[in-house]
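Chains P and Z, in that order, give the protein sequences.
Counting from 7, one number per residue, gives the positions in the first sequence under the numbering used here.
Counting from 7, one number per residue, gives the positions in the second sequence under the numbering used here.
In case anyone wonders, no lab produced these hints; they're calculated from the structure.
Keep in mind the model is a prediction, meaning the values are calculated, not measured.
Some hints here could point you the wrong way.
[Unchecked claim] Lysine to any residue pairs mimicking SDA-like chemistry, simulated, CA-CA at most 25 angstroms apart:
| no. | chain 1 | residue 1 | chain 2 | residue 2 |
| --- | --- | --- | --- | --- |
| 1 | P | K171 | Z | A205 |
| 2 | Z | K171 | P | S210 |
| 3 | P | K200 | Z | Q303 |
| 4 | P | K199 | Z | P302 |
| 5 | P | K199 | Z | L408 |
| 6 | Z | K200 | Z | R431 |
| 7 | Z | K199 | P | D60 |
| 8 | Z | K200 | P | L305 |
| 9 | P | K199 | Z | K192 |
| 10 | Z | K199 | P | Y307 |
| 11 | P | K199 | Z | A205 |
| 12 | Z | K200 | P | G157 |
| 13 | Z | K192 | P | P306 |
| 14 | P | K199 | Z | F295 |
| 15 | Z | K199 | P | K336 |
| 16 | Z | K171 | P | S209 |
| 17 | Z | K199 | P | G231 |
| 18 | Z | K192 | P | L305 |
| 19 | P | K336 | P | D60 |
| 20 | Z | K171 | P | G188 |
| 21 | P | K192 | Z | P235 |
| 22 | Z | K199 | P | Q263 |
| 23 | P | K200 | Z | K192 |
| 24 | Z | K200 | P | N169 |
| 25 | P | K200 | Z | K199 |
| 26 | P | K158 | P | P306 |
| 27 | P | K199 | Z | K171 |
| 28 | Z | K192 | P | G231 |
| 29 | Z | K200 | P | L167 |
[Unchecked claim] Sample of chain Z residues with no beta-carbon within 10 angstroms of chain P, all distances over it, derived:
| no. | residue |
| --- | --- |
| 30 | T10 |
| 31 | D60 |
| 32 | S121 |
| 33 | D142 |
| 34 | R180 |
| 35 | A205 |
| 36 | E261 |
| 37 | Q263 |
| 38 | P264 |
| 39 | A330 |
| 40 | S346 |
By construction, the Cβ of each residue, glycine as well, lies at the ideal position given by its N, Cα and C atoms.
Protein chains: 2
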Amino acid sequence: MTHTTDATHDPNLRSWVESANHKDTDFPIQNLPFGVFRALGSAEPARIGVAIGDQILDLSKCYQVGLLQELPEQLQAACTASNLNLLMSVGSESVSILRRHLSELLRSDRQQPASATEILIPMSSAELLLPASTGDYTDFYASIFHATNVGKLFRPDNPLLPNYKYVPIAYHGRASSIVSSGTSIKRPQGQRKKPEDPAPSFSSSAMLDYELEVGFFVGVGNELGQPIPIDRAEEHIFGLCLVNDWSGRDIQAWEYQPLGPFLSKSFATTISPWVVTLEALAPFRCPAFVRSEADPQPLPYLSSPLDASSGGIDIMLEVCIVSAQMREAKMHPFRLSRGSFGQMYWTLAQMLAHHSSNGCNLRSGDLIASGTVSGAEEGSQGCLLEITQRGSKPVTLPTGELRSFLADGDEVILRGYCQKEGYARVGFGECRGTILPA
Amino acid sequence: MTHTTDATHDPNLRSWVESANHKDTDFPIQNLPFGVFRALGSAEPARIGVAIGDQILDLSKCYQVGLLQELPEQLQAACTASNLNLLMSVGSESVSILRRHLSELLRSDRQQPASATEILIPMSSAELLLPASTGDYTDFYASIFHATNVGKLFRPDNPLLPNYKYVPIAYHGRASSIVSSGTSIKRPQGQRKKPEDPAPSFSSSAMLDYELEVGFFVGVGNELGQPIPIDRAEEHIFGLCLVNDWSGRDIQAWEYQPLGPFLSKSFATTISPWVVTLEALAPFRCPAFVRSEADPQPLPYLSSPLDASSGGIDIMLEVCIVSAQMREAKMHPFRLSRGSFGQMYWTLAQMLAHHSSNGCNLRSGDLIASGTVSGAEEGSQGCLLEITQRGSKPVTLPTGELRSFLADGDEVILRGYCQKEGYARVGFGECRGTILPA
Numbered sequence: 007m008t009h010t011t012d013a014t015h016d017p018n019l020r021s022w023v024e025s026a027n028h029k030d031t032d033f034p035i036q037n038l039p040f041g042v043f044r045a046l047g048s049a050e051p052a053r054i055g056v057a058i059g060d061q062i063l064d065l066s067k068c069y070q071v072g073l074l075q076e077l078p079e080q081l082q083a084a085c086t087a088s089n090l091n092l093l094m095s096v097g098s099e100s101v102s103i104l105r106r107h108l109s110e111l112l113r114s115d116r117q118q119p120a121s122a123t124e125i126l127i128p129m130s131s132a133e134l135l136l137p138a139s140t141g142d143y144t145d146f147y148a149s150i151f152h153a154t155n156v157g158k159l160f161r162p163d164n165p166l167l168p169n170y171k172y173v174p175i176a177y178h179g180r181a182s183s184i185v186s187s188g189t190s191i192k193r194p195q196g197q198r199k200k201p202e203d204p205a206p207s208f209s210s211s212a213m214l215d216y217e218l219e220v221g222f223f224v225g226v227g228n229e230l231g232q233p234i235p236i237d238r239a240e241e242h243i244f245g246l247c248l249v250n251d252w253s254g255r256d257i258q259a260w261e262y263q264p265l266g267p268f269l270s271k272s273f274a275t276t277i278s279p280w281v282v283t284l285e286a287l288a289p290f291r292c293p294a295f296v297r298s299e300a301d302p303q304p305l306p307y308l309s310s311p312l313d314a315s316s317g318g319i320d321i322m323l324e325v326c327i328v329s330a331q332m333r334e335a336k337m338h339p340f341r342l343s344r345g346s347f348g349q350m351y352w353t354l355a356q357m358l359a360h361h362s363s364n365g366c367n368l369r370s371g372d373l374i375a376s377g378t379v380s381g382a383e384e385g386s387q388g389c390l391l392e393i394t395q396r397g398s399k400p401v402t403l404p405t406g407e408l409r410s411f412l413a414d415g416d417e418v419i420l421r422g423y424c425q426k427e428g429y430a431r432v433g434f435g436e437c438r439g440t441i442l443p444a
Numbered sequence: 007m008t009h010t011t012d013a014t015h016d017p018n019l020r021s022w023v024e025s026a027n028h029k030d031t032d033f034p035i036q037n038l039p040f041g042v043f044r045a046l047g048s049a050e051p052a053r054i055g056v057a058i059g060d061q062i063l064d065l066s067k068c069y070q071v072g073l074l075q076e077l078p079e080q081l082q083a084a085c086t087a088s089n090l091n092l093l094m095s096v097g098s099e100s101v102s103i104l105r106r107h108l109s110e111l112l113r114s115d116r117q118q119p120a121s122a123t124e125i126l127i128p129m130s131s132a133e134l135l136l137p138a139s140t141g142d143y144t145d146f147y148a149s150i151f152h153a154t155n156v157g158k159l160f161r162p163d164n165p166l167l168p169n170y171k172y173v174p175i176a177y178h179g180r181a182s183s184i185v186s187s188g189t190s191i192k193r194p195q196g197q198r199k200k201p202e203d204p205a206p207s208f209s210s211s212a213m214l215d216y217e218l219e220v221g222f223f224v225g226v227g228n229e230l231g232q233p234i235p236i237d238r239a240e241e242h243i244f245g246l247c248l249v250n251d252w253s254g255r256d257i258q259a260w261e262y263q264p265l266g267p268f269l270s271k272s273f274a275t276t277i278s279p280w281v282v283t284l285e286a287l288a289p290f291r292c293p294a295f296v297r298s299e300a301d302p303q304p305l306p307y308l309s310s311p312l313d314a315s316s317g318g319i320d321i322m323l324e325v326c327i328v329s330a331q332m333r334e335a336k337m338h339p340f341r342l343s344r345g346s347f348g349q350m351y352w353t354l355a356q357m358l359a360h361h362s363s364n365g366c367n368l369r370s371g372d373l374i375a376s377g378t379v380s381g382a383e384e385g386s387q388g389c390l391l392e393i394t395q396r397g398s399k400p401v402t403l404p405t406g407e408l409r410s411f412l413a414d415g416d417e418v419i420l421r422g423y424c425q426k427e428g429y430a431r432v433g434f435g436e437c438r439g440t441i442l443p444a
């Protein structure tokens, strides 16, 4: 699979949806990410939409007014389902067909459909729901900068374990507690124990953190016992979203040996509502992590000839915070970090190939996240644990408040977008969550 | 919740299904476990059944012939579904009502229904399927003997980590690769590295193992953010089954730091088909693990007054093996271990309360397994890793074959049953799986 661009990426394309032509929108006609929504405050069935500027193109309505009738029946069924699972299962070629169809439908040089007012709903009038029903959620650990920074804090003498440069390390996450952007996050309780404490106590986490991650949804799955080879891996990726893997660091430090993180993570994981297809991201591919001469090359089952040219994706990611006090004072969100997804040690294809290499079956709608995205540069660390050095160097907010970890009332906002000379900006929108008291 | 017995446990009860009255059956009228099946070789929809002797009582058929009409509508709907999820969600009181109804229906001193031949299907003519759709699968580590034995092998200087006696250690497992008893298990490939190897290789696991576990299905779930208190925990347990958590020990040793087991486990987990309700197990409750004076008592959120009398369940568990050569020679399965579930360090209620203590939402149909069940006694170790001391002391099979770990063609059979003077035997049936080459 090569990462080719086609007419849908043409930067000169404009839409008759005016807000999609604004240079700062995350959702120009070149993006066309999929999501699931219902009208705000209604109890109507969830339906599939496509973000276009500040509007949502309602695919169920498009179907009803006959705008999808040229598409294969399977695609029509997928577009009118109540989540994206069926669309995820049809395969990347079919999704391409749909993408081109929607691009044609929304282009300013095509006749605006008479039904335009019916098939659009303002994003501000919609409740954005989880895009898919996720059977299994897996979280990787694919940033070597994150692994090294965190390793230093937990194991100063042994920051990066010997397997890291060979194994795309991951653990199974909790699927039930994946929540949509905007859902409030209740501070978890749990066992925690400071080194000087004789015994643990059970109380609210005092070291609540976010983790900036990028996730992808599995498109077509594989049968149990049938690994997906690395050179076919991207065909099984439907699209990407932002993931906030909330973490109770004190709970994590006490519980994680020897079987890994459990309750420190399973209380909530927030994802952004719009799933940006791999195809929309084609212009923003970049070389995979460049390993030094001294570092091992990936084993053959993790090696792809595309890595050197376009194994990575250059997504600019940032994390902002709004404290209760800042919100009260109507202050702008304060940026905690900014960095690129382009320098992950393992690519998405490597994650997927590794995951299925033992025969494990992946299913349409499964969510696979990258692990915290941290870069080499100062200011690009994707969680407070790293930024504040486990709380020892608190961040000062514009109000003068200090943050070692998250306080009740803090809202964390993840953002991501791709920008490149000669192409329209393709963004992910936001992934938000506010901390409630325990 | 106390563990009371009622008329359904009466050892004098007999069924008009003759095979249910045999003293060695796992499925007397006192058991009535639930499962999901279809006629062998058919493509008919899956339906719910109850094991009775060597027969299955077909609940859909019972409904059709009017034998369930006295039950609340919700229960009737649950009995005619294609898996147990709805029945799991109705709550333990409703399941009790159903259990009493089925007990009445099957008693030898009641009129045998005219439809008896219609509502029964021989177990040998049925394909037994997964009992539920499992959203999340969690695996605990609740046997201190297992944790200590394994700890010695992986960390000789530090076998039991400091958190063990405080935290019911667990990790998220893979839900997609849970398979029903009888499904063949393909030997996984993966990265492995012997200490003397300069780098890992990717090849078939050479240290394939089973793990004898007991699992339970979550009945009524909880809302995200609403922990289940320990004294209500058992109300959320629908019933139990046997679990074989297949493990590639070489893959595990290399991958598990720092985030826990992943591909070493996710290639397959086999469960037994019949779900034995907690109510059926009431006569076999036993005291929870007795902690020594020197050991910490469980923290308050994990303490239940019932522990001393009946926190545990005395299930006798055994593991047998049949090699290809033994099968060829028509030899009986060879027993590898035998021990009781009664001496787990953490109770099922503690596992469930801990799991939800951070607010994590459990859903009907979620599977929570105990971790390998090993006892203190010689011969009660629940996996080959322990029995053969990581392969250094192979087991000799009756054919003279040696087993450090599983060979292709080996079939592993888990069995479990409760037996006690004055009560009918209540069994789990078998959990089987045969290893196929990679």
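Against the structure, the hints come out as follows:
Our distance criterion of 25 angstroms between C-alpha atoms is met by K171/P and A205/Z, whose separation comes to about 10 angstroms. Restraint check for K171/Z and S210/P: satisfied, since their Cα atoms lie roughly 20 angstroms apart, inside the 25 angstroms limit. As the CA atoms of K200/P and Q303/Z are separated by approximately 19 angstroms, the hinted pair is consistent with the 25 angstroms bound. Note on K199/P and P302/Z: the hinted pairing holds, with a Cα-Cα distance of about 14 angstroms set against a maximum of 25 angstroms.
Among the hinted pairs, K199/P with L408/Z is inconsistent with the structure: their alpha-carbon atoms are about 46 angstroms apart, more than 25 angstroms. Taken as a hint, the K200/Z and R431/Z pair is broken in the structure, with Cα atoms around 46 angstroms apart against an allowance of 25 angstroms. Restraint check: the Cα-Cα separation between K199/Z and D60/P comes to about 52 angstroms, which exceeds 25 angstroms; the hinted pair is violated. Proposed proximity of K200/Z and L305/P is supported: the alpha carbons are some 16 angstroms apart, at most 25 angstroms.
With a CA separation close to 42 angstroms, the supplied pair K199/P and K192/Z exceeds the 25 angstroms bound. Restraint check for K199/Z and Y307/P: satisfied, since their Cα atoms lie roughly 16 angstroms apart, inside the 25 angstroms limit. Using a Cα cut-off of 25 angstroms, the hinted pair K199/P and A205/Z is violated, with the two alpha carbons roughly 37 angstroms apart. Between the alpha carbons of K200/Z and G157/P the distance comes to roughly 23 angstroms, so the proposed pair stays at or under 25 angstroms and holds.
Between the alpha carbons of K192/Z and P306/P the distance comes to roughly 21 angstroms, so the proposed pair stays at or under 25 angstroms and holds. Between K199/P and F295/Z the alpha-carbon distance is near 24 angstroms, which keeps this suggested pair within the 25 angstroms criterion. Distance check on the hinted pair: K199/Z and K336/P sit about 56 angstroms apart at the alpha-carbon level, beyond 25 angstroms; violated. The straight-line distance between the Cα atoms of K171/Z and S209/P is roughly 18 angstroms, inside the 25 angstroms bound, and the hint therefore holds.
Distance restraint check for K199/Z and G231/P: the Cα-Cα separation of roughly 22 angstroms lies within the 25 angstroms cut-off, and the hinted pair is therefore satisfied. At roughly 22 angstroms between alpha-carbon atoms, K192/Z and L305/P fall within 25 angstroms of each other, so this suggested pair holds. For the given pair, K336/P sits about 23 angstroms from D60/P by alpha-carbon distance, which is consistent with the 25 angstroms threshold. A hinted pair counts as satisfied when its Cα atoms are at most 25 angstroms apart, and K171/Z with G188/P does not qualify at roughly 38 angstroms.
For the suggested pair K192/P and P235/Z, the alpha carbons sit about 17 angstroms apart, so the restraint of at most 25 angstroms is met. For the hint linking K199/Z to Q263/P, the alpha-carbon distance of about 21 angstroms falls within 25 angstroms, and the restraint holds. Restraint check for K200/P and K192/Z: not satisfied, since their Cα atoms lie roughly 44 angstroms apart, outside the 25 angstroms limit. Annotation: proposed proximity of K200/Z to N169/P holds, straight-line Cα distance about 12 angstroms (limit 25 angstroms).
Between K200/P and K199/Z the CA atoms are separated by roughly 35 angstroms; this puts the pair beyond 25 angstroms, and the hint is violated. Of the pairs offered as hints, the one joining K158/P and P306/P is violated, with about 30 angstroms between alpha carbons and a cut-off of 25 angstroms exceeded. Between K199/P and K171/Z the CA atoms are separated by roughly 13 angstroms; this keeps the pair inside 25 angstroms, and the hint holds. Annotation: proposed proximity of K192/Z to G231/P holds, straight-line Cα distance about 6 angstroms (limit 25 angstroms).
As the CA atoms of K200/Z and L167/P are separated by approximately 15 angstroms, the hinted pair is consistent with the 25 angstroms bound. No beta-carbon of chain P comes within 10 angstroms of the beta-carbon of T10/Z; the shortest separation is about 30 angstroms. Its beta-carbon lying about 30 angstroms from the closest one in chain P, D60/Z satisfies the requirement of being farther than 10 angstroms from that chain. Taking the minimum C-beta to C-beta distance to chain P, about 38 angstroms, the non-interface status of S121/Z holds against the 10 angstroms cut.
For D142/Z, the condition that its CB be more than 10 angstroms from all CB atoms of chain P is violated, with the nearest at approximately 5 angstroms. Taking the minimum C-beta to C-beta distance to chain P, about 6 angstroms, the non-interface status of R180/Z is violated against the 10 angstroms cut. Its closest Cβ contact with chain P, about 6 angstroms, brings A205/Z to no more than 10 angstroms, contrary to its assignment away from the interface. Not every C-beta of chain P lies more than 10 angstroms from that of E261/Z, the closest at about 5 angstroms, which undercuts listing it as non-interface.
Non-interface call for Q263/Z relative to chain P: violated, since the shortest CB-CB distance, roughly 5 angstroms, does not exceed 10 angstroms. The Cβ of P264/Z does not lie farther than 10 angstroms from every Cβ of chain P; its closest approach is about 6 angstroms, which violates its non-interface assignment. Non-interface status of A330/Z relative to chain P is upheld: no Cβ of that chain comes within 10 angstroms, the nearest being about 19 angstroms off. Residue-level check passed: S346/Z sits 24 angstroms from the nearest beta carbon of chain P, beyond 10 angstroms.
The structure fails to meet hints 5, 6, 7, 9, 11, 15, 20, 23, 25, 26, 33, 34, 35, 36, 37 and 38 from the earlier list, while all remaining hints are met.
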